[in-house]
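J.: What follows is the residue order along each chain.
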Amino acid sequence: MTKVSMTVNGRAVSGDVEDRTLLVSFLRETLGLTGTHVGCDTTQCGACVVHMDGKPVKACTVLTGQAEGAEITTIEGLAKGDELHPMQAAFREHHGLQCGFCTPGMIMMGVDIVRRHGASLDEKTIRHELEGNICRCTGYHNIVKAIQAVAEGSEVAEAAE
Amino acid sequence: MGAEGFGARVLRKEDKRFITGRGRYTDDIELKDMTHGVFVRSPHAHAKVRSIDTSAAEKMPGVVGVLTGHDLAADKIGGLICGWMIHSRDGSPMKMGAHPALAADTVRYVGDAVAIVVAETRDQARDAAEAVEVDYEELPAVTDPAKATAAGAPQIHPEAEGNLIYDWTIGDEAATEGQFANAAHVTKIDLVNNRLVPNAMEPRAAIGSYDQAEEHFTLYNTTQNPHVARLVLSAFVGMAPEHKLRVVAPDVGGGFGSKIFIYPEETACLWASRKVGGRPVKWVADRTEAFLTDAHGRDHVTHAEVAFDADNRVLGLRVKTIANLGAYMSTFSSSVPTYLYATLLSGQYAIPQIFAEVQAVYTNTSPVDAYRGAGRPEATFVVERLMETAARELGVDPAELRRKNFVRAFPHQTPVIMAYDAGDYDASLDAALKAADYAGFPARRAEAESRGKKRGIGLSCYIEACGIAPSQAVGSLGAGVGLWESAEVRVNPVGTIEVLTGTHSHGQSHETTFAQIINERFGVPTDTVSIVHGDTDKVQFGMGTYGSRSAAVGLSAVFKALDKVEAKAKKLAAHLMEAAEGDIVLEDGSFKVAGTDRALAFHEVALAAYTAHNLPEGMEPGLKETSFYDPTNFTFPAGSYVCEVEIDPDTGVTEIVQFVAADDFGRIINPMIVEGQVHGGLAQGIGQALLEGCVYDHESGQLVTASFMDYCMPRADDLPSFNVMTTETVCPGNPLGVKGCGEAGAIGSPPALINALTDAIGRNDLAMPATPQRVWAALRSSSAAAA
Numbered sequence: 001m002t003k004v005s006m007t008v009n010g011r012a013v014s015g016d017v018e019d020r021t022l023l024v025s026f027l028r029e030t031l032g033l034t035g036t037h038v039g040c041d042t043t044q045c046g047a048c049v050v051h052m053d054g055k056p057v058k059a060c061t062v063l064t065g066q067a068e069g070a071e072i073t074t075i076e077g078l079a080k081g082d083e084l085h086p087m088q089a090a091f092r093e094h095h096g097l098q099c100g101f102c103t104p105g106m107i108m109m110g111v112d113i114v115r116r117h118g119a120s121l122d123e124k125t126i127r128h129e130l131e132g133n134i135c136r137c138t139g140y141h142n143i144v145k146a147i148q149a150v151a152e153g154s155e156v157a158e159a160a161e
Numbered sequence: 162m163g164a165e166g167f168g169a170r171v172l173r174k175e176d177k178r179f180i181t182g183r184g185r186y187t188d189d190i191e192l193k194d195m196t197h198g199v200f201v202r203s204p205h206a207h208a209k210v211r212s213i214d215t216s217a218a219e220k221m222p223g224v225v226g227v228l229t230g231h232d233l234a235a236d237k238i239g240g241l242i243c244g245w246m247i248h249s250r251d252g253s254p255m256k257m258g259a260h261p262a263l264a265a266d267t268v269r270y271v272g273d274a275v276a277i278v279v280a281e282t283r284d285q286a287r288d289a290a291e292a293v294e295v296d297y298e299e300l301p302a303v304t305d306p307a308k309a310t311a312a313g314a315p316q317i318h319p320e321a322e323g324n325l326i327y328d329w330t331i332g333d334e335a336a337t338e339g340q341f342a343n344a345a346h347v348t349k350i351d352l353v354n355n356r357l358v359p360n361a362m363e364p365r366a367a368i369g370s371y372d373q374a375e376e377h378f379t380l381y382n383t384t385q386n387p388h389v390a391r392l393v394l395s396a397f398v399g400m401a402p403e404h405k406l407r408v409v410a411p412d413v414g415g416g417f418g419s420k421i422f423i424y425p426e427e428t429a430c431l432w433a434s435r436k437v438g439g440r441p442v443k444w445v446a447d448r449t450e451a452f453l454t455d456a457h458g459r460d461h462v463t464h465a466e467v468a469f470d471a472d473n474r475v476l477g478l479r480v481k482t483i484a485n486l487g488a489y490m491s492t493f494s495s496s497v498p499t500y501l502y503a504t505l506l507s508g509q510y511a512i513p514q515i516f517a518e519v520q521a522v523y524t525n526t527s528p529v530d531a532y533r534g535a536g537r538p539e540a541t542f543v544v545e546r547l548m549e550t551a552a553r554e555l556g557v558d559p560a561e562l563r564r565k566n567f568v569r570a571f572p573h574q575t576p577v578i579m580a581y582d583a584g585d586y587d588a589s590l591d592a593a594l595k596a597a598d599y600a601g602f603p604a605r606r607a608e609a610e611s612r613g614k615k616r617g618i619g620l621s622c623y624i625e626a627c628g629i630a631p632s633q634a635v636g637s638l639g640a641g642v643g644l645w646e647s648a649e650v651r652v653n654p655v656g657t658i659e660v661l662t663g664t665h666s667h668g669q670s671h672e673t674t675f676a677q678i679i680n681e682r683f684g685v686p687t688d689t690v691s692i693v694h695g696d697t698d699k700v701q702f703g704m705g706t707y708g709s710r711s712a713a714v715g716l717s718a719v720f721k722a723l724d725k726v727e728a729k730a731k732k733l734a735a736h737l738m739e740a741a742e743g744d745i746v747l748e749d750g751s752f753k754v755a756g757t758d759r760a761l762a763f764h765e766v767a768l769a770a771y772t773a774h775n776l777p778e779g780m781e782p783g784l785k786e787t788s789f790y791d792p793t794n795f796t797f798p799a800g801s802y803v804c805e806v807e808i809d810p811d812t813g814v815t816e817i818v819q820f821v822a823a824d825d826f827g828r829i830i831n832p833m834i835v836e837g838q839v840h841g842g843l844a845q846g847i848g849q850a851l852l853e854g855c856v857y858d859h860e861s862g863q864l865v866t867a868s869f870m871d872y873c874m875p876r877a878d879d880l881p882s883f884n885v886m887t888t889e890t891v892c893p894g895n896p897l898g899v900k901g902c903g904e905a906g907a908i909g910s911p912p913a914l915i916n917a918l919t920d921a922i923g924r925n926d927l928a929m930p931a932t933p934q935r936v937w938a939a940l941r942s943s944s945a946a947a948a
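Chains as they are written, first to last, in our numbering: chain A, 1 to 161; chain B, 162 to 948.
Simulated from the structure, these hints should not be mistaken for lab results.
Heads up, some of the hints might be wrong.
Unchecked claim - Taking CB as the label site, the calculated pair distances span: (1) B:A307 with A:G54: 49 to 59 Å; (2) B:N775 with A:E152: 23 to 33 Å; (3) B:A773 with A:T7: 35 to 45 Å; (4) B:Q373 with A:G69: 57 to 67 Å; (5) B:H404 with A:E152: 50 to 60 Å.
Positions of the beta carbon are idealized from the N, C-alpha and C atoms, including for glycine.
I would like the entire structure built from these sequences, with the hints used as guidance.
T.: Below, the structure written as structure tokens:
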């Protein structure tokens, strides 16, 4: 067992984990943050996307030890109290989710896509950037619309960050 | 009536928990003292199990127990069943092989479970599962349904000689032959409806928990129908009588049919919990396990022919299909290639005679059962590929050939059981053609040609039967259950309302749309209504969600319970306001005496019902009503889809340049949610046509496409934005006038895609999935043929 420490959603946390423990297991099982989901075992589906030091990572492909000292943000840490992050609000407004299972990863990825591209983001780029996130319910149509809407109002999003 | 009622784009009540990471799926549930189960699965497609040595695994760290198929048999735990009896043409019943939750003597597909290892942690259980030594004697395997009944094919179940489960027919063979004898033209086609893996994003999971003191089991499960799961586990598996077995379906991350069925893992986790002293046992599939063991979809091999008279009117249709049901008969597998398939072969057309033959066969593959559309996509693919091909052979416009044969008088009795109740197929075809600028296609094709690209356009006019189903009718066809639905409406003393439904939402948005109907009826805001589902301890009974039945059947049951609540509340309001019962109207959330200013708010009447201080003579206190609703017919959603593609002939890559869907779903409760359902269905249908194909190695029986690295799921950049619209004929068969929208996209889209692609490449024999390699090869052989 190895002791690891990191900051998750602004809170200092630590735990003893096996060397093989994946970050997603540490988040879900040790910390009880079950919003981050496991939809595959080959780094394809993106249901487990979290932000590590400001960048999106697939938490099923990061060992917990690799996150030592890192700042992690999960879907649970995105809203400010009762105030939803604009990406969360846009997913609801545009019906960008149905069963909700891929949604946390989609939202975390969407936040990063808008952060990197800003208001210039177009549909083709969004679709390309979502290559690593699979949704089986929505046909992506409304997910793309939600992300585009946030990009179009991205000054608002930046203000909220 | 209410602002949030019929037709309103109400945002979803269920969204907040999902967008903030507070959803509660089965794997999110932690119970005290919980253990973890991992299955030992066969690496062979077909083998005898000579012996299983669990001794090394039992000594591994954290292991609580290792249980095998022999232990299961010793405890007399029953096997899984298929709940729909089909009879062959000779009158004999279908040949169902035994399906124990853990195989003891023979494994029949790669992934068939032989043991469950229970340990303190998931990783420990995985490690120990690796240490279980199973001695297999490999047997020859068959995975190709067309070869399963051949002489000398490996025998999979002793009960089904030659691997034939049934040889079933529908329609009048002699009359159909007579129609073909008089035909001016016959179009023939051979089709494979490719096997698919449903791949709901949440993998299947189960937690079995046994309370020793109460001798009571609880199952948390990724299921679309918790009561049906309880019924099968009680009546057939014999786990416990129903009052000692609670099934909870918490948030479920998509189903698409694959979570209807009662799988071996549920039995194993419940039984294992009892065997390890009542500690809960949790199992969660990893993705490859899901690929191997979720029931797959489709997998038909079909020859079909359509006969026309000299005026291009359809005289008859004959169809011969081999359906692969896999290694065991899954819960509803027998009904999918029979009553959910061949009864839809009339499509939107007036066809005097139809005859269909279906042979269902066992193979050494994962079981096959209902997947989004279930039989109806297969039927639509047959009918709409035939119509498009016939139009090309006859040299007529495909839209006009369809239009010439549309059913226009309702009700319409087809030769294959179904009686269509209402529809306007011209309206949806007109809407789709207009939106797609069908008339402008030749110019677009010429423009593409000038850029070196191949353009094609394809249509599909589908019909489906939803609102499953009238109990007596399906009972006469072999269903082991009735397919009514139940509801309970509880008005609380403060006037808030809980609606308990036997349907289950795993993405369909019932928490919103059901609440909209309460608003429609009573004028109370949707945020004062909660929808309760997915727990056999809370909901009286229910048949679950599939076959686009939740609104047409489930919500109709709610509607009936609302009638009863309204009647009682009006009687009470009349009594309280000293008015005649007939003068009471319910408007904007108040009971009013018509023509006066006297009124009582909804919550005031609710409170009066519970205080019971002043009730009419003979009225019982409280305001809670239940109902059971059994539909009188199926519903018949229908529509027209137009797909336009552009192919790069150098690479074979297809771009969908536009996809138009015009659907008639009857009355629409929430257009935003209906559009979302269509988008998702289209993505799955386009996935089938272009990307997805489940491949078994015919020699070894190994599943080649067992991960998202190997099985091509539709990604965002594989799909266009969709142009969806609706036309409306009200469904006369239920009080809401609704038809159902969950499956249409997956039913109508594959033939539209393939019709567009074959139009573009100028040949008809393009298999699904039409990958770039296949399209490129087809183009090469076309140009070679032309040269």
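J.: Compare the structure with each hint and give your call.
T.: Hints, one by one, checked against the model:
1. Taken as a hint, the range 49 to 59 Å holds for the pair B:A307 and A:G54, whose Cβ atoms sit roughly 55 Å apart.
2. Under the hint 23 to 33 Å, the C-beta atoms of B:N775 and A:E152, about 58 Å apart, miss the expected range.
3. At about 57 Å, the CB distance of B:A773 to A:T7 disagrees with the hint of 35 to 45 Å.
4. A beta carbon spacing of about 46 Å between B:Q373 and A:G69 contradicts the range 57 to 67 Å that was offered as a hint.
5. A beta carbon spacing of about 56 Å between B:H404 and A:E152 agrees with the range 50 to 60 Å that was offered as a hint.
Consistency note: the structure conflicts with the earlier hints numbered 2, 3, 4.
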